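Novice: Starting from the known structure of chain Z, fit chain G onto it as the hints suggest.
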Amino acid sequence: MFENVHQATRAVISKVFETMFYLWAEPCDGGQEQSQASEPPPSFLRGEIGFEGKFSGALRLSLSTGLARKMAINFMGLEKDEVSESQMMDVVSETCNTTCGNLLSHLDKKSAYALTPPRTQPISAEQLHEESQPGSVLLHFDVEGERLRVEIQLES
Amino acid sequence: MAYNVLIVDDSQTMRKVIRKTVTLSGFAMGDCWEAGDGQEALEVVKTHNIDLILSDLNMPRMNGLEMVKKLGEDEGYRHIPVVLITTDGSQERLEEAQALGVKGYLQKPFHPEAIRDLLTRVMESSHV
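Residue numbers (this note's numbering), protein chains in the order written: chain Z, 1 to 156; chain G, 157 to 284.
Next up, chain Z with everything else stripped away, as it sits in the complex (with noise of 0.2 Å):
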């Protein structure tokens, strides 16, 4: 089950990120990025939405608010300093909920699952890099030099 989320989800992170902002998404190790000395610390948003069905669970994205900016540009059609932190908010929010629709679609094409309404909200570096939850798949991504971790938490 676990290798099925596994496949599954490279596969709809890939086409969501092409489709939707134009990024190419590929699967990494979950080190760290190195950031230069010059630059500012980097701040993060975790995207949450809840599923329930015939597997329920919760799908998380955390990411740099720097990669949520890149993707609201290209969704949105905007330019750098037009976008705002709740159009990045939404922006993560529309991503988990397309992301997490598509994976369920890729695992049971016949049911249907109720989704919880996605919610976005800032975290810590520390809150980024934090253990993953018991039953967990976690997936890391280099989107264009940034990085997005997925987690998949199933309940059993």
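Hint data in this document are derived by calculation from the structure and do not stem from the laboratory.
What you are looking at is a predicted structure, and each value in this text was computed from that prediction instead of being measured.
Cβ coordinates follow ideal geometry from the N, Cα and C atoms, glycine included.
It cannot be assumed that every hint is accurate.
Selected chain Z positions facing chain G (in silico; Cβ < 7 Å) [to be verified]:
hint: 1; residue: 5
hint: 2; residue: 6
hint: 3; residue: 7
hint: 4; residue: 101
hint: 5; residue: 115
Specialist: This is chain G only, laid out in the frame that chain Z set:
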């Protein structure tokens, strides 16, 4: 002929993106209105001349399928074609939507050409 479109989604960002995508796709869109959920959409339909509704499925207060049911109960509005734009690609949901009379079903994420082709097809079949 240009069609007046109502976009229903609880995310303001998604409404903007859908509006922009439909505009850029080349679909013949006339006036465009927006609503944040099914309940709000029913109010817009009562007060404006709407030719086509593009709606999300999961929304607070009244979801997309409940809205379609309500429209179907009213002789004055049941002719308005509804296209669902949703992340839910399950067979069960698709069959439920078709049974309620939903004319088109588009799973996110989608390319602009996909929305133009679907909307053109839906409007052509509605005017046969």
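Novice: Of all the hints given earlier, name the ones this structure violates by number, lowest first.
Specialist: Checked against the structure, the hints that fail are numbers 1, 2 and 3, while the rest are satisfied.
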